[in-house]
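Protein chains: 2
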Amino acid sequence: MRKPLKVALLGAGVVGSQVARILVQEADTLESRIGRRLELVGVGVRNVDLPRPGIDPALLTDDLEGLVTRGDLDVVIELIGGIEPARGLVMKAIEHGASIVSANKAMLAEDLGALSRAAEAKGVDLYYEAAVAGAIPIIRPLRESLVGDEIDEVMGIVNGTTNFILDKMVTDGVSFQEALEEAQALGYAEADPTADIEGHDAAAKAAILAGLAFHTEVLRSEVFCEGITQVTSADIAAAEQMGCKIKLLAIAKLTHDDRIIVKVHPAMVANKHPLASVSGAYNAIFVNSREAGELMFLGQGAGGNPTASAVMGDVVTVARNRARGTAAHFSPAYTRRVVAPIAESSAQFFVSFDVVDRPGILAKCAAVFGRHGVSLRIVQQSLREDGEPVDGFPARLGIMTHLTLEANLARVVDELRQSEFVGSNVRVMRVEGF
Amino acid sequence: MRKPLKVALLGAGVVGSQVARILVQEADTLESRIGRRLELVGVGVRNVDLPRPGIDPALLTDDLEGLVTRGDLDVVIELIGGIEPARGLVMKAIEHGASIVSANKAMLAEDLGALSRAAEAKGVDLYYEAAVAGAIPIIRPLRESLVGDEIDEVMGIVNGTTNFILDKMVTDGVSFQEALEEAQALGYAEADPTADIEGHDAAAKAAILAGLAFHTEVLRSEVFCEGITQVTSADIAAAEQMGCKIKLLAIAKLTHDDRIIVKVHPAMVANKHPLASVSGAYNAIFVNSREAGELMFLGQGAGGNPTASAVMGDVVTVARNRARGTAAHFSPAYTRRVVAPIAESSAQFFVSFDVVDRPGILAKCAAVFGRHGVSLRIVQQSLREDGEPVDGFPARLGIMTHLTLEANLARVVDELRQSEFVGSNVRVMRVEGF
Chain L
349 MRKPLKVALL
359 GAGVVGSQVA
369 RILVQEADTL
379 ESRIGRRLEL
389 VGVGVRNVDL
399 PRPGIDPALL
409 TDDLEGLVTR
419 GDLDVVIELI
429 GGIEPARGLV
439 MKAIEHGASI
449 VSANKAMLAE
459 DLGALSRAAE
469 AKGVDLYYEA
479 AVAGAIPIIR
489 PLRESLVGDE
499 IDEVMGIVNG
509 TTNFILDKMV
519 TDGVSFQEAL
529 EEAQALGYAE
539 ADPTADIEGH
549 DAAAKAAILA
559 GLAFHTEVLR
569 SEVFCEGITQ
579 VTSADIAAAE
589 QMGCKIKLLA
599 IAKLTHDDRI
609 IVKVHPAMVA
619 NKHPLASVSG
629 AYNAIFVNSR
639 EAGELMFLGQ
649 GAGGNPTASA
659 VMGDVVTVAR
669 NRARGTAAHF
679 SPAYTRRVVA
689 PIAESSAQFF
699 VSFDVVDRPG
709 ILAKCAAVFG
719 RHGVSLRIVQ
729 QSLREDGEPV
739 DGFPARLGIM
749 THLTLEANLA
759 RVVDELRQSE
769 FVGSNVRVMR
779 VEGF
Chain W
349 MRKPLKVALL
359 GAGVVGSQVA
369 RILVQEADTL
379 ESRIGRRLEL
389 VGVGVRNVDL
399 PRPGIDPALL
409 TDDLEGLVTR
419 GDLDVVIELI
429 GGIEPARGLV
439 MKAIEHGASI
449 VSANKAMLAE
459 DLGALSRAAE
469 AKGVDLYYEA
479 AVAGAIPIIR
489 PLRESLVGDE
499 IDEVMGIVNG
509 TTNFILDKMV
519 TDGVSFQEAL
529 EEAQALGYAE
539 ADPTADIEGH
549 DAAAKAAILA
559 GLAFHTEVLR
569 SEVFCEGITQ
579 VTSADIAAAE
589 QMGCKIKLLA
599 IAKLTHDDRI
609 IVKVHPAMVA
619 NKHPLASVSG
629 AYNAIFVNSR
639 EAGELMFLGQ
649 GAGGNPTASA
659 VMGDVVTVAR
669 NRARGTAAHF
679 SPAYTRRVVA
689 PIAESSAQFF
699 VSFDVVDRPG
709 ILAKCAAVFG
719 RHGVSLRIVQ
729 QSLREDGEPV
739 DGFPARLGIM
749 THLTLEANLA
759 RVVDELRQSE
769 FVGSNVRVMR
779 VEGF
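Residue numbers (my numbering), protein chains in the order written: chain L, 349 to 782; chain W, 349 to 782.
All the pointers check out, no bait thrown in.
As a list, the in silico DSBU-like pairs of lysine-lysine whose alpha-carbon atoms are at most 35 Å apart:
1) Lys351/W with Lys470/W
2) Lys470/L with Lys351/W
3) Lys440/W with Lys470/W
4) Lys351/W with Lys440/W
5) Lys470/W with Lys351/L
6) Lys354/L with Lys470/W
7) Lys354/W with Lys470/W
8) Lys620/L with Lys620/W
9) Lys470/L with Lys354/L
10) Lys440/L with Lys470/L
11) Lys470/L with Lys351/L
12) Lys470/W with Lys470/L
13) Lys712/W with Lys620/W
14) Lys620/L with Lys712/L
15) Lys440/L with Lys354/L
16) Lys440/W with Lys354/W
17) Lys351/L with Lys440/L
18) Lys354/W with Lys470/L
For the record, the hints were derived by calculation from the structure and aren't laboratory data.
Only a predicted model underlies this, so the values are computations on that prediction, with no experimental measurement involved.
Go ahead and model the full structure; you've got the sequences and the hints to work with.
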């Protein structure tokens with residue numbers, strides 16, 4: 349019998365403890381699928397004294413660097429998250445000849461290029477299916493299945509926490525703050541929810557997806573990012589009136605001049621678009637490519653079990669390669685495409701604002717849009733429900749534009765805000781799939 | 349500069365000509381993604397004299413065996429379809445050291461095990477993403493992404509022709525025959541539509557999906573297969589009344605005793621289930637697994653461009669491996685699970701039949717189900733729309749059962765058919781997602 353493959357695990361939190369459990373409990377099954385046995389030889393944690401049910405205490409160590417540099421490891425599973433010390437440990441593990449499985453979106457969004465090149469140079473694998481959209485297979489489809497095609501756009505709901513909050517605002521009619529508090533009480537949002545609600549988590553995933561889809565290196569810092577903290581109940585209601593739902597979207601698309609746009613922002617998504625009905629903790633990713641057309645991938649985007657599923661898929665793949673002495677990793681950044689500034693990208697917008705009730709006011713407003721080259725698709729005027737004018741502005745206009753440059757729309761909003769016939773509450777929301 | 353990788357193409361039909369076009373037109377792009385240039389060195393066709401726009405006539409040959417045995421090929425793309433001569437040619441190509449990309453579901457459903465073992469023994473790749481559900485990445489997700497998980501069920505709409513026909517029957521209220529004729533007129537169905545409408549095409553795909561999902565060898569002949577030729581407008585109407593759509597499903601699932609059920613049949617799918625809204629030529633595959641939970645994959649299931657996208661993804665993957673002298677193929681049938689006979693599988697059913705209008709008739713019918721251990725979920729009685737009794741049977745009962753053994757349901761139907769109070773038109777439809 350051939351010797352087992354040696355596996356080390358970094359991190360034993362929610363996902364790590366699931367992975368450790370599967371490695372031990374399913375050892376026979378995994379062996380049949382790999383052709384070699386996997387042996388968990390060490391689990392690196394910050395505190396070795398905490399109780400870790402299901403993990404042999406003899407495997408625990410707080411010397412993570414010592415673990416990844418022991419030199420006989422076949423696979424290192426990195427589940428500690430964050431940029432450092434994760435990146436340094438993964439780099440050292442690669443230098444010492446181990447293949448890597450990681451779920452660490454923050455690290456990968458910061459440094460996928462360098463890590464990939466290091467892995468390729470050393471002839472080891474670097475797999476990270478769990479880093480984006482939990483259990484949904486999206487990394488392999490982009491890296492392999494669609495690699496002979498030309499992707500035009502990747503658009504997804506990749507953060508379950510914000511999707512849950514936006515859902516709650518719709519179904520229960522509560523404010524953002526109330527929905528956030530409920531998400532925290534249920535454990536869907538963390539005590540410090542910043543990474544989720546400000547869009548940082550989605551932006552890291554967007555950087556990874558964009559890099560794979562467009563065969564280039566995209567850094568987290570290049571991603572335009574706007575969270576959901578400013579989304580109001582009035583926005584939700586306006587979206588409903590337009591037959592849309594508000595979703596936090598991660599979008600990466602190719603421009604006509606071969607640059608890419610990578611952005612995260614809330615958007616009104618038409619109810620008829622498949623992403624509109626993705627609810628709760630589900631994630632979904634929509635891909636549009638030249639030959640394949642539209643594809644959609646749907647599944648659970650987070651949680652210990654779904655993420656562990658994705659990690660274990662990578663572990664088996666990497667171990668199979670290892671067992672035959674090869675690696676299938678391919679550094680994805682072999683072309684150089686530039687990320688265009690958001691002002692140069694186009695979108696459809698819904699702009700709403702209070703106006704005075706005066707003859708010809710609609711024409712005046714429309715003229716503002718026209719002056720900046722923004723053409724209108726739908727204009728709707730509504731009186732406030734309570735009939736009371738706000739600060740002397742009795743009516744509210746809702747205007748859906750055609751596709752337009754972000755820069756042009758910004759000029760429209762500036763001018764509206766300075767107009768004496770427009771109130772101060774000018775709201776802007778991007779629109780998709782309408 | 350390193351020498352180009354040599355590629356041969358077998359078949360230059362709808363998909364093959366697209367693939368040839370991409371290989372030539374996108375040669376630079378492909379080279380950047382692979383790290384080596386691809387050189388199309390031969391195209392094997394039945395008739396070299398037909399005009400093949402976009403293909404250099406000098407590449408055409410009708411000596412397919414000579415082409416695959418020339419000994420210097422890196423990749424053979426098999427797109428001729430059918431079992432022979434495709435299988436023999438692929439086997440010879442493997443023996444002569446070429447990696448294989450195939451879209452040939454019929455061949456793979458017949459012989460995936462032997463072909464896989466041959467590829468593994470020779471250290472070459474065998475990829476076939478295009479064989480199931482066109483451009484939808486499903487083979488890699490099953491073979492790699494979910495390989496560390498335990499799949500309970502794979503259920504999909506994998507035949508666009510039948511989906512189009514069933515859609516037409518719903519939206520236009522036409523008969524199966526009329527819908528089929530329209531599909532033929534539009535080119536969605538072939539002149540001889542047998543493979544699609546009898547479910548053979550879906551059954552081949554089901555065999556491939558089942559083998560990958562459950563890590564075993566499943567032959568086409570082991571798949572229970574029932575097509576849509578018997579679906580009537582009355583079935584469509586009854587489904588609508590129950591809040592369902594009729595879809596041709598390919599289903600592979602694990603039984604509680606670790607056997608598998610593999611079947612293709614029309615079924616009433618509850619409108620709330622994501623598969624119900626998959627329309628037209630789209631395919632969708634739904635996977636339920638222990639850790640990952642529910643996943644769904646949606647996209648175009650056929651057509652030259654989507655299928656070419658899947659083929660080219662495989663070509664790049666295989667070429668990347670080839671360029672570094674490795675292969676990532678892994679023979680999937682490393683366990684032996686038995687396919688259980690359909691009679692031993694369970695399903696939910698909708699049974700409808702004409703009855704006499706007599707006091708206590710409902711109790712009598714219910715008793716028939718009870719005698720065979722089939723419990724009822726919904727019973728609905730309706731008079732015919734035109735008020736005319738059929739053959740003396742004025743009322744029609746529609747009965748939705750709970751999950752029950754196929755064998756038990758068959759006994760119920762036998763007894764109903766023999767009852768003097770039941771008309772001859774007993775209809776049975778399986779139900780999913782209700």
